[in-house]
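Heads up: the sequence lines are chains A and B, in that order. Be aware that the first sequence starts at 7, since it is given in the working numbering, and climbs by one per residue. Be aware that the second sequence starts at -15, since it is given in the working numbering, and climbs by one per residue.
Please note: incorrect hints may appear among the correct ones.
Cross-link-like lysine-lysine pairs, in silico, DSSO-like; alpha carbons within 30 Å at most [as the list claims (entries may be wrong)]:
(1) Lys167/B - Lys88/A
(2) Lys8/A - Lys164/B
(3) Lys88/A - Lys113/B
(4) Lys88/A - Lys166/B
(5) Lys2/B - Lys88/A
Which bits of chain B does chain A cover? Going by a derived footprint, with three or more residues having C-beta under 8 Å, they are [what the hints assert, rightly or not]:
(6) 32 to 40
(7) 70 to 81
(8) 88 to 100
Hints listed in this document are in silico derivations from the structure and should not be mistaken for laboratory results. Glycine included, every Cβ here is placed at the ideal spot set by N, Cα and C.
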Amino acid sequence: MKRNKLSQVWASVLLTAVYWMRNYPISIVASFLSPISIVVIIAFVSKGALVGVAVEGALITTFVLNGIMEMTDISHLKNDFKIQDMVVASPTSAFSYIFGMSLSSLATALPSIIFILILWSVFVHTTVVSALTVFAAVALLMILAISIGFFLATRTSDISESYQFTTILSLLFTTVSPIYYPISLIPMPYRYLAYLSPITYGAEIIQNATGYLSISSMNLVLDWIVLVGLTAVMLFFAIKDLRWREA
Amino acid sequence: MAIECVKITKKYPGTTSKSLDNVSVSIPTKGIFSLIGRNGAGKTTLTRILGTQLMPSSGHATINGLDIIDDAKELREIIAVIPQDGRPVPWVTPAQMIMTYLMWRGYGIREAKARAVSVIKDIGIYKEKDMHIGKLSGGTKRKVLVGCVLASEAEIVFMDEPTTGLDLISRTSFWETLGKLKKDRFFLLTTHYLEEAESLADGIGILDNGKLLVSGSMDQIRKRIRYRYMVTLGKDAKVPAFKGKIIRTSNSTKIMTSEEGAKRVASEMIRRHAEFSMSPISLNEIFYSFVKEDIETGKSDDYEKE
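Just chain A, same shape as in the assembly:
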């Protein structure tokens, strides 16, 4: 039998994103509206001055949180429903499964991303170069978040444990990191704390590209090195430790 590799990837997207949204249309509305709250708060508190950077923050949050949330989907399929066992004992490779689940994470975030891009076109002024820079940084942030999600999902034996990791990571990534405002607004010495979160490096790159933050070239290069390095390391561990066949 000739296997359709595209089908093997698409199966994960269908199950955890397309069917989810089709069978529960309310999830599309929820995804669409999810970025609004903090953007509105920042807009009011800053009297409109930080709307643009808040929209960027919403974009980062959407990609990062959906990446991390993939951990709960994987944990559900692996520990709760045992569906991953059925996939392991099938012609689908570990890579196709991971790739499909990653795409699924992106698909789930689509309504939210569309809404943010509409806000972006209104509030953020970008050039082609800055748009490409933002795209590259956001893509890296998402891969990083998904890798962390996969890495932790393989280590959890229960869905409840996955939820706790999700809560902690969400706090670390979207609260400790200055993604809705420039890092320069954090007083010293607390600013250093922000660098404990890998998302901070991506946020600096994005805010610098769109003119909301001005950092030195040296600092920018360092941000890229840290972001690319961390993403590569986490991706390596996620794939290496994916317990496709348990020990």
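Given chain A's structure and the hints, the job is docking chain B onto it.
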């Protein structure tokens, strides 16, 4: 064409005891083979190792000549599994779940859909095909997973307690379906329903404490038992002279004995005009005989009265 296990041992990390202990067995990949054993006997561990989901600690196994570790990629082309406690995801419909599984196996979306609809009719859940799985009964949910593997092309199917949670009619229908499909496929399944295993499986293996106690066809297994006949008497019946094993339960007295012994007891009971029944020993008795457990709530004793 067979499953060949050679000294398969499994010790889970962080545990002291072995879940499987030097299991060696040859199972022809034809028909239905049923693994029976108490909870924790090692059935799931063996099924998961053969299903390429779990690494053995030592030993090796091949399935139709393909090594479960070195040839896992090729093996996964021809096998399918239903895990113990496996459940279809609740937010999709049975048709969507089966379709998704088939797509994971590499079917194009159209063929997956056609096969899903066809198997849904076969397993009798057509009426529920577009309902959310979360709203279905436990038995119907189980059927959806069974439908997934039956709709696939897998030649070798491992099912870990596939009929648990199914009502009697659904179980019977499930076994009938397997009976029809076993001409073209091999099913290895674990079950706690011994009477079903006895009547429908072509081969049986009894596991206990990680060791394979016996394996083969029912006839082969019976030959390994010293007493192959069972005579059941009333609870308070006076037991005639015989050589064998006596098992007293709350409502009957059972005598396990040889063919000669059974005839002798039967003649005596007829002479007394007393009620009794006689049959070849069933898998229930064989199972208990091997795992050295009392039958039902009664006591089992070696008994000689001649």
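Verification of the hints:
1. Between Lys167/B and Lys88/A the alpha-carbon distance is near 28 Å, which keeps this suggested pair within the 30 Å criterion.
2. Pair hint Lys8/A plus Lys164/B holds up; C-alpha atoms about 26 Å apart against a cutoff of 30 Å.
3. For a cut-off of 30 Å, the pair hint linking Lys88/A to Lys113/B stands: about 21 Å separates their Cα positions.
4. Using a Cα cut-off of 30 Å, the hinted pair Lys88/A and Lys166/B holds, with the two alpha carbons roughly 25 Å apart.
5. Restraint check: the Cα-Cα separation between Lys2/B and Lys88/A comes to about 23 Å, which is no more than 30 Å; the hinted pair holds.
6. Note: the segment 32 to 40 of chain B has 6 residues with beta-carbon separation from chain A under 8 Å; the three-residue rule is met and the coverage holds.
7. Residues of the segment 70 to 81 of chain B with a Cβ under 8 Å from some Cβ of chain A number 9, which satisfies the need for three, so the listed coverage holds.
8. Only residues whose beta carbon comes within less than 8 Å of a beta carbon in chain A count, and the segment 88 to 100 of chain B has 7; three or more means the coverage holds.
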